[in-house]
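Protein sequences, first through last, are from chains S and H. Its first residue numbered 12, the first sequence is counted upward by one per residue in my numbering. Its first residue numbered 12, the second sequence is counted upward by one per residue in my numbering.
Heads up, some of the hints might be wrong.
[What the hints assert, rightly or not] Residues from chain S that face chain H, not an exhaustive set, calculated with beta carbons under 8 Å:
hint: 1; residue: D14
hint: 2; residue: V110
hint: 3; residue: P125
hint: 4; residue: E132
hint: 5; residue: R138
hint: 6; residue: P144
hint: 7; residue: W146
hint: 8; residue: V185
hint: 9; residue: E186
hint: 10; residue: D188
hint: 11; residue: G189
hint: 12; residue: V192
[Unchecked claim] Across the chosen pairs, the derived CB separations fall in these ranges:
hint: 13; chain 1: H; residue 1: A50; chain 2: S; residue 2: P23; range: 13 to 23 Å
hint: 14; chain 1: S; residue 1: P155; chain 2: H; residue 2: D14; range: 32 to 42 Å
hint: 15; chain 1: S; residue 1: R187; chain 2: H; residue 2: T174; range: 29 to 39 Å
hint: 16; chain 1: H; residue 1: P72; chain 2: S; residue 2: D171; range: 43 to 53 Å
In case anyone wonders, no lab produced these hints; they're calculated from the structure. For each residue, glycine too, the CB sits at the ideal point set by N, CA and C.
There are 2 protein chains.
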Amino acid sequence: MLDLPYTFELNPPGFVPSHYDNHIRRTLTSMRGQYLDAAAYEAMLAAGDELLYEVYELARPHESGELLHGISIVHPGKVGDEYYMTKGHFHTVLETAEVYVCLSGQGAMVMETPEGDWAVEWLAPGRVLYVPPRWAHRSVNTGPDDLITLFAYPGHAGHDYGTIEQQGFRKLIVERDGAAVVVDNPRWGKMEGEKG
Amino acid sequence: MLDLPYTFELNPPGFVPSHYDNHIRRTLTSMRGQYLDAAAYEAMLAAGDELLYEVYELARPHESGELLHGISIVHPGKVGDEYYMTKGHFHTVLETAEVYVCLSGQGAMVMETPEGDWAVEWLAPGRVLYVPPRWAHRSVNTGPDDLITLFAYPGHAGHDYGTIEQQGFRKLIVERDGAAVVVDNPRWGKMEGEKG
Chain S
12 MLDLPYTFEL NPPGFVPSHY DNHIRRTLTS MRGQYLDAAA YEAMLAAGDE LLYEVYELAR
72 PHESGELLHG ISIVHPGKVG DEYYMTKGHF HTVLETAEVY VCLSGQGAMV METPEGDWAV
132 EWLAPGRVLY VPPRWAHRSV NTGPDDLITL FAYPGHAGHD YGTIEQQGFR KLIVERDGAA
192 VVVDNPRWGK MEGEKG
Chain H
12 MLDLPYTFEL NPPGFVPSHY DNHIRRTLTS MRGQYLDAAA YEAMLAAGDE LLYEVYELAR
72 PHESGELLHG ISIVHPGKVG DEYYMTKGHF HTVLETAEVY VCLSGQGAMV METPEGDWAV
132 EWLAPGRVLY VPPRWAHRSV NTGPDDLITL FAYPGHAGHD YGTIEQQGFR KLIVERDGAA
192 VVVDNPRWGK MEGEKG
C-alpha cells in the first residue's frame with residue numbers, strides 16, 4: 012500500500028486540525044491525585060467533571076522513522092492555585108525527544124529527568140521548544156485563554172504515564188499574587204501514596 | 012553532560028530563529044544542472060550568483076530519537092519559467108519521515124519515491140505537511156514573497172542529495188499564464204548526463 016503525503020490546516024483561533032484521526036479528551040477525573048489541593052479538586056469535581064485538555068492526533072505507525080504529530084489544547088483554569096495541566100509523561104523509550112511549537116496562549120512546559128534534573132520553559136505564540144531525550148514533560152496553561160501547541164515526536168517513543176502518576180513532577184506551576192511561579196512539589200515521590 | 016531543554020522564537024515577518032547553530036546559504040551555483048532552462052540559468056549566473064534559499068538549523072546529535080529541526084527560507088524568483096526551489100533529497104535512511112509547518116508565503120512540496128510514485132502538496136501559512144518515509148522532497152516557492160517553513164525529521168535520517176542531482180524530480184513546478192502548474196520533467200533520469 013502506498014503511503015501518501017498529506018497536509019492539514021491549522022486555523023486561528025481554535026487551531027483544531029482540518030483533518031485528524033484521534034481526539035482525546037481529558038477531564039478532571041483523569042487527573043485524580045495529581046493536583047496538590049485535594050479539597051479544591053474534590054469540590055470542583057462535585058460541581059462537574061470539567062474538560063481540562065484535548066489532543067488531536069494524526070495516526071502514524073508507532074515505528075522509528077515516523078513522526079507522531081498533532082495539536083494539544085489545554086484549557087484555562089485552576090484547581091486551587093494550580094493551573095490546568097496535562098498528565099505529563101516520560102517516553103517509554105527514554106532516548107527520544109519531542110518538539111513543540113506554541114500557536115496560541117501562555118503557559119509553561121515543566122520537565123524533569125530520572126536523574127533529578129528539572130527545567131521549566133515558558134510558552135508563548137511563535138516559540139519553539141525542544142525537549143531532549145530523557146526529559147518528562149507536562150504542559151501548563153498559565154493564561155486566560157487556551158494554550159495551543161503543535162507537537163511532533165519519534166514514532167517509537169511510547170508513553171509512560173505511570174511514573175508521573177506515582178511520583179509527580181518535582182515542580183508545580185501555581186498562581187501567586189496574580190503571577191505564575193514555579194514552586195517545589197511537597198508531595199514529589201509520594202503522589203500515589205496520598206491518593207488512597 | 013546534561014542536555015538541557017531550550018526554546019527559540021520565530022517572529023514575523025522574517026521568522027529567522029532567535030537562536031540557531033548553522034546557517035546554510037544556497038546560491039545559483041549550487042543548483043547547476045537542476046533547472047530545465049540551461050540558457051536562462053547561465054544568463055542569470057553571468058549577472059550574479061544569486062541567493063536562492065537559506066536554512067537555519069539547530070544542532071542535535073544525528074541519532075535515532077533526536078529530532079533535527081530548523082527553518083527553511085526559499086526566496087522568490089524563477090530561472091526561466093521554473094520557480095526557485097531547494098536541491099531536494101531523499102533521506103539516506105529511506106524509512107524516515109519529515110514534518111513541515113508553513114509559516115509564511117506560497118509554494119509547493121514536490122515529492123517522489125524510488126518506486127516511481129510522485130506527489131505535489133501546496134503550501135500556505137498554517138498548513139502542516141507530513142512527508143512519509145521513502146518520499147524525496149523539494150520545496151518550491153511559487154509566490155512573490157519568501158516561502159518559510161519549519162521542519163523536523165529524525166536525527167538518524169541523513170541526506171542523500173546525489174540521487175536527485177543525477178536523476179532530478181519527475182515533476183517540475185513552472186509558471187504558465189501567471190499560475191504555478193505541475194509539468195513532467197523531460198530530463199528525468201538523465202540530469203547529470205546533460206550537465207557536461
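Going down the list of hints, with the structure as the test:
1. Because the beta carbon of S:D14 sits about 4 Å from the nearest beta carbon in chain H, less than 8 Å, this interface hint is met.
2. Satisfaction of the interface hint for S:V110 is found here, the shortest Cβ-Cβ separation to chain H being roughly 5 Å, below the 8 Å cut-off.
3. Annotation: S:P125 was flagged as interfacial toward chain H, and the flag is violated, the nearest CB pair being 12 Å apart, outside 8 Å.
4. At about 5 Å, the closest approach between the beta carbon of S:E132 and any beta carbon in chain H falls short of 8 Å, and the interface hint on this residue holds.
5. Of the supplied interface hints, the one on S:R138 holds, with its beta-carbon coming within about 5 Å of a beta-carbon of chain H, less than 8 Å.
6. Checking S:P144 against chain H: minimum C-beta separation of about 5 Å stays under 8 Å; hint holds.
7. At its closest, the beta carbon of S:W146 sits 6 Å from a beta carbon of chain H; the interface hint therefore holds under the 8 Å criterion.
8. With a cut of 8 Å, the hint placing S:V185 at the interface with chain H is violated, because the nearest CB-to-CB distance is about 21 Å.
9. Given the 8 Å rule on beta carbons, the hint for S:E186 is violated: about 22 Å separates it from the nearest Cβ of chain H.
10. Interface restraint check for S:D188: the shortest CB-CB distance to chain H comes to about 25 Å, outside 8 Å, so the restraint is violated.
11. Among the interface hints, the one on S:G189 is violated; its C-beta lies about 24 Å from the nearest C-beta in chain H, farther than the 8 Å criterion.
12. The beta carbon of S:V192 is not positioned within 8 Å of any beta carbon in chain H (closest approach about 18 Å), and the interface hint is therefore violated.
13. Remark: the range hint 13 to 23 Å for H:A50 to S:P23 is contradicted by a beta-carbon distance near 45 Å.
14. Judged by the Cβ atoms, the range 32 to 42 Å given for S:P155 and H:D14 holds: they are separated by roughly 34 Å.
15. Restraint check, S:R187 to H:T174: a C-beta distance of roughly 57 Å breaks the suggested window 29 to 39 Å.
16. Between H:P72 and S:D171 the C-beta distance comes to about 22 Å, which lies outside the given range of 43 to 53 Å.
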